[in-house]
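Protein chains in written order, with my numbering: chain A, 1 to 198; chain B, 1 to 198.
Sample of chain A residues at the chain B side, in silico, Cβ under 10 Å:
#1 Pro19
#2 Ser35
#3 Glu42
A partial selection of chain A residues facing chain B, derived with a Cβ cut-off under 10 Å:
#4 Glu10
#5 Leu44
#6 Ser49
#7 Glu50
What the hints contain is simulated information worked out from the structure, not anything from laboratory work. Model, not experiment: these values are computed from the prediction. Where is the CB? At the ideal position from N, CA and C, for every residue including glycine.
The primary structure of each chain is shown beneath.
Number of protein chains: 2
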Amino acid sequence: MDFFSGRISELIEQLAMLPGIGTKTAQRLAFHIVSLPEDKVEKLSRTISETRKHVRYCAECFTLTDSELCPVCRNERRDHGTIMVVETPRDLAAYEKTGKYEGVYHVLHGAISPMLGIGPDDIRLKELMKRLEGDVKEVIVATNSTLEGETTAMYISRLIRPTGIRVTRIANGVPVGGDLENVDEVTLLRALEGRTDL
Amino acid sequence: MDFFSGRISELIEQLAMLPGIGTKTAQRLAFHIVSLPEDKVEKLSRTISETRKHVRYCAECFTLTDSELCPVCRNERRDHGTIMVVETPRDLAAYEKTGKYEGVYHVLHGAISPMLGIGPDDIRLKELMKRLEGDVKEVIVATNSTLEGETTAMYISRLIRPTGIRVTRIANGVPVGGDLENVDEVTLLRALEGRTDL
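From just these sequences and the hints, can you work out the full model?
Structure (structure tokens):
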């Protein structure tokens, strides 16, 4: 790869180490970056460095943020008695984008996976239980609909049930706007089981 | 997008301005970056900034590099009498990766496009003609197989023909390893026209 120059090749190499960025994309990005005005590139470089330096976990929900509490936990108009449990900050972002959820979150940073040797102590479960000592009415488990996500959901529900706090799970079903013929059988059966009266 | 923090949102925004990076990918990249060890992030940030500062065009072939001449033009073992004309440094990279081309390059930085108002003076054509005053045997036109690339190839061939230097065009045909049924008709016809004796 050294037909450009040491520096450009080095940039391509470093970009290619990012997830989902192959050599070709890294090359495209590198050429784009060197063709940008110098002040824009300085800004990008500085933002990367500064963001990394200041990032931390929200003291309440453990999402990534750059202050003691994240904007959601800081927001007094949110319903702090309803906690949605998600696996990652990206899942939090997905629900925030709907603009309809008014509760707060708890980010586990993973899911229980006996296969990968990830147990209940390796994710932020103790921290969730600690939060339930406060005034919490409902825990909505929104872990992924995968083996690991379901295992985690079951574990959480068993853990919380004795406290008397309501534990719910987001629904499985046919995606809105999706053709039935393109939906897998397990989802179709779940959609049937979860049917509601019209 | 401000449910993380000003800084993380700013990083996502800046990454999303890169070509081919949508909001979701930018988010994934941002989370990856903030989860990396701080020294790795510093290195990435510095490489981006340094590369941009030192990048320039090769004085001979106009590819991007960080010294007066690029590694290809500097290499005395390359055949400097054969010049392959490409649209972008990425095209140069593609041919360099074959490891079989022994000549040098000329990067036009674009192609003639009446539609986009890009004329012969907007790409590095004058610089190509200047190079032909030296000892050049052949110019291989390897612009893209698009309307713009073909227009540029025709223009270059007409420009060079009076000099007596050989001008060739890379072949159109069926991609190696490709199924005929997946190849478009124009390519199939070009492959037929370009057939060679076995």
